[in-house]
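First to last, the sequence lines map onto chains A and B.
For the record, in the first sequence the residue sitting at position 14 is 14 according to the numbering used here, with numbers rising by one throughout.
For the record, in the second sequence the residue sitting at position 127 is 1127 according to the numbering used here, with numbers rising by one throughout.
Mixed in with the good hints there might be a few duds.
[Stated by the list, open to error] Calculated cross-link-like contacts (lysine-lysine; reagent style DSS-like; alpha-carbon spacing at most 25 Å):
1) B:Lys1416 - A:Lys61
2) B:Lys1099 - A:Lys46
3) A:Lys22 - A:Lys84
4) B:Lys1380 - B:Lys1416
5) A:Lys14 - B:Lys1307
6) A:Lys46 - B:Lys1195
7) B:Lys1350 - A:Lys81
8) B:Lys1195 - A:Lys61
9) B:Lys1107 - A:Lys179
10) B:Lys1138 - B:Lys1099
11) B:Lys1049 - B:Lys1457
12) B:Lys1193 - A:Lys59
13) A:Lys84 - B:Lys1195
14) B:Lys1054 - B:Lys1227
15) B:Lys1350 - B:Lys1099
16) B:Lys1195 - A:Lys59
17) B:Lys1054 - B:Lys1007
18) B:Lys1099 - B:Lys1048
19) B:Lys1457 - B:Lys1054
20) B:Lys1193 - A:Lys46
21) B:Lys1350 - B:Lys1107
22) A:Lys193 - A:Lys247
Think of the hints as simulated: they come from the structure by calculation, not from any bench.
Next come the chains, spelled out residue by residue.
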Amino acid sequence: MLSTLKNRFEQGYKTTGYPKTKIELVDRYRGLPEINKDAPSEIIEKCASECPQEAIDAKRKVIDLGRCVFCGGCERLSEGKFVKFTQNFETSTATRDHLFTDGNLPALAEHSKQHFKKLFGRSLQLRQVSAGGCNACEADLNVLATPFFDLARFGINFVASPRHADGIVVTGPISKNMKTALMTTFEAIPDPKVVIAVGSCAISGGPFRGSPEITEGLDSLIPVDLYIPGCPSHPLTNLHALLNYFK
Amino acid sequence: MKTGFLKVSNGCAVLRSDIPQLSFGDFRKNTLNIVKEGGKVIHFFAYKKDTTIKLLVVLRTTELLMAETDAPESYPSFTNECEPFHLFEREIAEQFGIKPEGHPWLKMVRYHPNYAGKPDVFGNDYTEDIPGRYNYYKVEGEEVHEVAVGPVHAGVIEPGHFRFNCIGERVFHLEIQLGYQHRGIENLLTHIKNKRLPIVIESIAGDTTVANATCMAQAVEALTQVKTDKGSQIIRTIALELERIANHTGDLGALSGDVAFLPPANYFGRMRGDFLNMTLLLCGNRLGKGVVRPGGVRFTIDDEINKELLRRINELEPQMQHVINLLFETPSVMARFEGCGKISPDDAEKLGFVGPAGRACGIQYDARREFPTEYYQNIKIPEFNEPTGDVYARARVRADEAMQSIRMIKTLLENKIETQPVDFGNFDLAPDSFVVTVNEAWRGELSHCILTDEKGKIARYKIKDPSFHNWNGLAMSLRDTGISDFPLNNKSFNLSYCGFDL
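Use the sequences and the hints to build the structure in full.
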């Protein structure tokens, strides 16, 4: 018992004050990209052709955050002249086309499905389905339950049964072998329900585009309400998305 | 060589024309002999060469030995004489339709049609997309019942199916069916543009990002004659050890949670986040995606980052030690851990365990010690001295390794680390070549093999996750145990579903 108490004192209070207090992430973190539309076109073309995810639209001068894995290759290639990745981790959107961005994103809190705030603002129970990903997004969702983020203090929990859930959180590129399990879980959630796609894989197939074993985009199977990009999405990105969408 | 096998070195390319082509009889005889005398299987797979299908094996004794042969339509199973081959033979049957006759448990691995267009060895109908729909081994008896778990599990974890045959609470037999996360990675790697290669490799298994990226980078370096500088070797070693610590910490927390001891569950959970944040500090990604590339690393450790990493790890070291002590000195925890899910050293040998699970059963093999790469030739890797084969041993080995890794990182950060960062790496691979790389990922021996064609394109990319050896260990550990000990055992192994499924 004494040992437990001693450790308790040593560990201290670690919960973040976010969203009340601001958090600054480290320099090397790659969050929302900011595009310089006046960059020379050869540089833009080069970035677009070197992007491993084909996420850069050189004509429209936007990056598709749903395909982007935030590797930072374009930033290094253009030496920051075309794109810079900021430390802004608030990268989530309510529609797929908002993810095609030059650095400006609409305010997530003003999305078009405000009824979800009334329904789930004070208590949101989510069922997570891991549909074939690499487990990185799951790891950064799991960490939301640990003391630093402490998701439960906002009334948000991950539940064991889809019958108890208000919505489904999908990670992974929805492999063929998981499709039926995913759809059955989705159908088991009582209405009204919300669908959240977390990570590049769930939004666009991620690094696995082109493989016949996966599905390119959760929204080709079920309508998605909230898109959280990343590879994996930082836990603060997940937290920001959940708090702004539902509260 | 008496066996006709070729000795290869970890991370050194050879010409495919130098690989010994044995007759199937010699191949089978010599492979079995080497393994019966204590050798272990690193790779055993099939691949297509023009119109033939070949079998390739890489074994390890104190050296790496390899050979090839033409694959027959079917052949007398190796597993009957030597168990470590069991899953490899099933994978060959699934990928290329070659039947191992007399295999004691011939069933699918990842649930997908074979690449050779042959009739399916298992008689599966792939229009049905559930791998779990299978005739599981049933124990007959009036009071025997089956419990099915998954693929959608209670927690936020990867999908897999577990079928228990129980009497009351006691488990007679556990059968595990995976394949739900099969993304077709090995195939994808043979026809994507080079720029995508690191991105796909880093996404095989998120918690093994750095180890997979390192295996790939070493293989590509071997095929492009590129040497990495000392600084990048040190940084890769640091990133690998940070990955090891973060995962072991998370697992210790999960194990604490499973015995309902919440203080360490939460403390370890928070500290895992702190270790991930150290990787974030290094490379901008908590899982280490984007650090390692062929030729070196993309991020340097300058004086400022060095100082900050040291400050953080010095703060965490005593906290980790205290919480570890708290966990293992609590009698109610030990009562759950000790004797639970015990696997005999004999079974562990037969199944070919690797990594911490193996070390917990007395198999001291650690690739960092036996086939050192990066900066490991300058680091002493201690042996584990409590191999009781139960959950306690598997938890204890993790705790010990986490503390050892912390000390390793502190030593590596003592001096200035200088390196030239690389960006994308050179991918003009030598034609008609073969390379195998072996590294000790946090779960155990991870290995990649690349075979290039006459144009220098990747003809076959074979990935072997350490979980490939250990999944059956989980099934074995549940025999005669209470089913309520399943989560504890599962977490004590913490095997990779996605690394296995590929």
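Taking the earlier hints as the rules, which of them does this structure contradict?
Numbers 1, 2, 7, 14 - these are the hints that the structure violates, sorted from lowest upward.
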